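Enquirer: Assemble the whole structure, with the sequences as input and the hints as a guide.
Numbers 0 to 162, taken from numbering that gives the first Met the number 0, label the letters of the sequence shown in order.
Because the hints were derived from the structure by calculation, they are not lab data. This structure is a prediction, so every number in the text was calculated from the model and none was measured. Among the hints, a few may not be true.
Claimed, not checked - Distance condition first, Cα-Cα at most 25 Å in a straight line; then the derived BS3-like pairs of lysine-lysine: (1) 81 with 12; (2) 12 with 95; (3) 34 with 12; (4) 145 with 81; (5) 95 with 127; (6) 145 with 127; (7) 145 with 76.
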Amino acid sequence: MQTLGERIAYYRKAANMTQAELAEACSVTAQAVSKWENNLTAPDIALLPRLAELFHITTDELLGAERRAATAVDPEKLDMNKILLHILVRSGDGDKVNVNLPFALAELLFSNEEAGVSLFGGGSEALKSIDFRQIVALVRRGAMGKLVEIESADGDTVEVWVE
Numbered sequence: 000m001q002t003l004g005e006r007i008a009y010y011r012k013a014a015n016m017t018q019a020e021l022a023e024a025c026s027v028t029a030q031a032v033s034k035w036e037n038n039l040t041a042p043d044i045a046l047l048p049r050l051a052e053l054f055h056i057t058t059d060e061l062l063g064a065e066r067r068a069a070t071a072v073d074p075e076k077l078d079m080n081k082i083l084l085h086i087l088v089r090s091g092d093g094d095k096v097n098v099n100l101p102f103a104l105a106e107l108l109f110s111n112e113e114a115g116v117s118l119f120g121g122g123s124e125a126l127k128s129i130d131f132r133q134i135v136a137l138v139r140r141g142a143m144g145k146l147v148e149i150e151s152a153d154g155d156t157v158e159v160w161v162e
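Expert: Structure follows, in structure tokens:
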């Protein structure tokens with residue numbers, strides 16, 4: 000599990016920021032950022048929303064909150080109009096795509112095999128390996144939570160979850 004300092008360093012680098020640039024954006028010194036990244040100190044709690052904003056992530060992601068594992072629910076009790084499909088793609092180059100779709104729209108998009116991947120402009124190889132029609136079928140049978148988590152050898156990560 001990554002520490003807060005490791006996550007700050009990762010997201011700072013993914014945002015192509017230097018420690019000095021991050022420090023300026025947070026009104027602290029570069030030495031303070033270095034201490035955060037080396038786990039000698041932690042940022043003030045009031046800075047967490049600012050850091051998340053700078054990195055284009057949530058504070059939960061910054062703090063390393065885990066998403067729920069997949070669970071099964073009674074498919075007859077599911078209200079498909081209230082379900083959201085979340086797809087998060089991070090490339091090894093630092094690009095990030097975060098898509099949140101109502102399940103009904105996702106089901107329509109992914110009914111065509113190529114439509115889903117083209118939604119991401121071709122996306123990473125890891126993304127292309129996912130059969131979104133199978134994801135739709137799993138949700139229709141009551142699967143909820145994180146359904147897919149892939150980390151490729153070239154540093155791409157893909158997560159798919161429903162809630």
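Enquirer: Confirm or reject each hint.
Expert: Taking the hints in turn, this is what the structure says about them:
1. Straight-line distance between C-alpha atoms of residue 81 and residue 12 comes to about 36 Å, which puts the hinted pair past the 25 Å bound.
2. Among the hinted pairs, residue 12 with residue 95 is consistent with the structure: their alpha-carbon atoms are about 13 Å apart, no more than 25 Å.
3. Straight-line distance between C-alpha atoms of residue 34 and residue 12 comes to about 16 Å, which keeps the hinted pair within the 25 Å bound.
4. Our distance criterion of 25 Å between C-alpha atoms is met by residue 145 and residue 81, whose separation comes to about 17 Å.
5. Of the supplied pair hints, the one linking residue 95 and residue 127 holds, its CA atoms being roughly 16 Å apart against a limit of 25 Å.
6. The straight-line distance between the Cα atoms of residue 145 and residue 127 is roughly 18 Å, inside the 25 Å bound, and the hint therefore holds.
7. Note on residue 145 and residue 76: the hinted pairing holds, with a Cα-Cα distance of about 19 Å set against a maximum of 25 Å.
Hint compliance for this structure: hint 1 alone is broken.
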